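Assemble chain B onto chain A, guided by the hints.
2 protein chains.
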Amino acid sequence: MRTEDFDYNHAGQSFGAYVAHDETLTGKRPGVLVIHDLWGLGEQPKERARRLAELGYVGLAIDLFGDRFQPKALTEALPIVGEMRANSRSFRDRLRAGLDQLANHPEVDSSRLGAIGFCLGGISVLELARDGADLSGVVCFHGNLDAVEPAQKGGVKAKVLVCTGGGDGIVPDAQVSAFQEEMRNADVDWQVNVYGGAEHSFTNIYADRAGIPGVSYHEKADRRSWDAMRGFFAEAFAG
Amino acid sequence: MRTEDFDYNHAGQSFGAYVAHDETLTGKRPGVLVIHDLWGLGEQPKERARRLAELGYVGLAIDLFGDRFQPKALTEALPIVGEMRANSRSFRDRLRAGLDQLANHPEVDSSRLGAIGFCLGGISVLELARDGADLSGVVCFHGNLDAVEPAQKGGVKAKVLVCTGGGDGIVPDAQVSAFQEEMRNADVDWQVNVYGGAEHSFTNIYADRAGIPGVSYHEKADRRSWDAMRGFFAEAFAG
Numbered sequence: 001m002r003t004e005d006f007d008y009n010h011a012g013q014s015f016g017a018y019v020a021h022d023e024t025l026t027g028k029r030p031g032v033l034v035i036h037d038l039w040g041l042g043e044q045p046k047e048r049a050r051r052l053a054e055l056g057y058v059g060l061a062i063d064l065f066g067d068r069f070q071p072k073a074l075t076e077a078l079p080i081v082g083e084m085r086a087n088s089r090s091f092r093d094r095l096r097a098g099l100d101q102l103a104n105h106p107e108v109d110s111s112r113l114g115a116i117g118f119c120l121g122g123i124s125v126l127e128l129a130r131d132g133a134d135l136s137g138v139v140c141f142h143g144n145l146d147a148v149e150p151a152q153k154g155g156v157k158a159k160v161l162v163c164t165g166g167g168d169g170i171v172p173d174a175q176v177s178a179f180q181e182e183m184r185n186a187d188v189d190w191q192v193n194v195y196g197g198a199e200h201s202f203t204n205i206y207a208d209r210a211g212i213p214g215v216s217y218h219e220k221a222d223r224r225s226w227d228a229m230r231g232f233f234a235e236a237f238a239g
Numbered sequence: 001m002r003t004e005d006f007d008y009n010h011a012g013q014s015f016g017a018y019v020a021h022d023e024t025l026t027g028k029r030p031g032v033l034v035i036h037d038l039w040g041l042g043e044q045p046k047e048r049a050r051r052l053a054e055l056g057y058v059g060l061a062i063d064l065f066g067d068r069f070q071p072k073a074l075t076e077a078l079p080i081v082g083e084m085r086a087n088s089r090s091f092r093d094r095l096r097a098g099l100d101q102l103a104n105h106p107e108v109d110s111s112r113l114g115a116i117g118f119c120l121g122g123i124s125v126l127e128l129a130r131d132g133a134d135l136s137g138v139v140c141f142h143g144n145l146d147a148v149e150p151a152q153k154g155g156v157k158a159k160v161l162v163c164t165g166g167g168d169g170i171v172p173d174a175q176v177s178a179f180q181e182e183m184r185n186a187d188v189d190w191q192v193n194v195y196g197g198a199e200h201s202f203t204n205i206y207a208d209r210a211g212i213p214g215v216s217y218h219e220k221a222d223r224r225s226w227d228a229m230r231g232f233f234a235e236a237f238a239g
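In order, the protein sequences belong to chains A and B. Quick note, the first sequence lines up with residues 1 to 239 if you use full-length UniProt numbering. Quick note, the second sequence lines up with residues 1 to 239 if you use full-length UniProt numbering.
Same shape as in the complex, but just chain A (with noise of 0.2 Å):
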């Protein structure tokens, strides 16, 4: 396993990043971008890199924030997302910056690229299918499903999974409802799984720790998920 971290640059500001692969393989592969939750490029989202690169793919995991910023407490974090979902285009522009760090990689078949996300990147996953970016697949763990954008039909390129919580307050029965019209309106090919018992964060050993009542990590969920993605990937990136 090789991991590297680099930085780029878009519209003015400097952004990080976290590149992990195996180095025994050889030739492109597939790539797939990880994008972090309300604290930043921390270790969560470099971990699932690794595990992606254990999988015989590229995993590159993203900073969203630029300057590699973590924020430590939700009054930080939240006005930031705010702002960023609140103007789709310059936040799909960020995003699409982002991959195109992981189409220019080296070691990326840069035909097969897929994002995953958590949380505020689950969002992000979803805004760049959105978008109409030109990715095989994307797979959003616990993030909000409400569109700003809609999805346009006949707009979207890549299999969306999206893997929720089936006790997750802040991505409710209704909003899951919502989303699965927009994917029906936008002639989307999607999934969604719902995993009982889980609430919001539930991929994130880390999430207890922030003490926010309805937001923990959720093991079996966990690893469902990831077992779920695992197989999306496989047929997404074959196809």
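All clues stand as given, with none of them false.
Identical chains share a label here; the pair holds if one copy fits it or two copies do between them.
Below, simulated SDA-like cross-link-like pairs (lysine to any residue); rule was C-alpha separation at most 25 Å, straight line: (1) Lys-72 with Gly-211; (2) Lys-220 with Arg-230; (3) Lys-153 with Pro-213; (4) Lys-157 with Arg-230; (5) Lys-153 with Arg-92; (6) Lys-153 with Lys-220; (7) Lys-28 with Ala-238; (8) Lys-220 with Ala-234; (9) Lys-28 with Gln-101.
I should point out that these hints are in silico values taken from the structure, not numbers from a laboratory. If you're wondering where the values come from, they're calculated on a predicted model, not measured in any experiment.
Same frame as chain A, now just chain B:
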């Protein structure tokens, strides 16, 4: 692969069964009950029993109607199904009689039993779970999810996986939500996978023959849901 047809008696009636297992394996192994849709114990459930045997399980497809009855039209099937569903206790006893056939099979480890079902069979495996049957897991493929007698808190032993079509007009989003609420209230280990684009009967290659609007085969959803079932049983039988 060895397959065998046999009959058993329950409540004064004769029921057919079809069992498949890999005769090159030795020792007891998990057994999975297979329950047919509205059309009775025909080729579709038998083929699934054989596929379960290929996975290393004993697959046992049972006849829910008695005397191996295979309806030829909805008008033949629906009254029988309505009567069965309206009498939960006798319905559940009939299902348990089928499950006993599996538990008593010489190759089956009776501590590791599962059940899968399609449409009516999906309803049936949920009835077994709601009844507290001693099952490691059940998988409902495009079955109705509404409960005549809802699951009781702590009363469900089986892990539950529901695979439902995102375009299934017979199992709309609201029914899925109500089911999820039932599962939450009963403290079940549950998962729901929704497959976009799939209508009712999406696993049945013969579904389109009936010419019923909203009922059709969906190859992707069939494959994806079977893969989900494989992972589900791998976990359920290991734990």
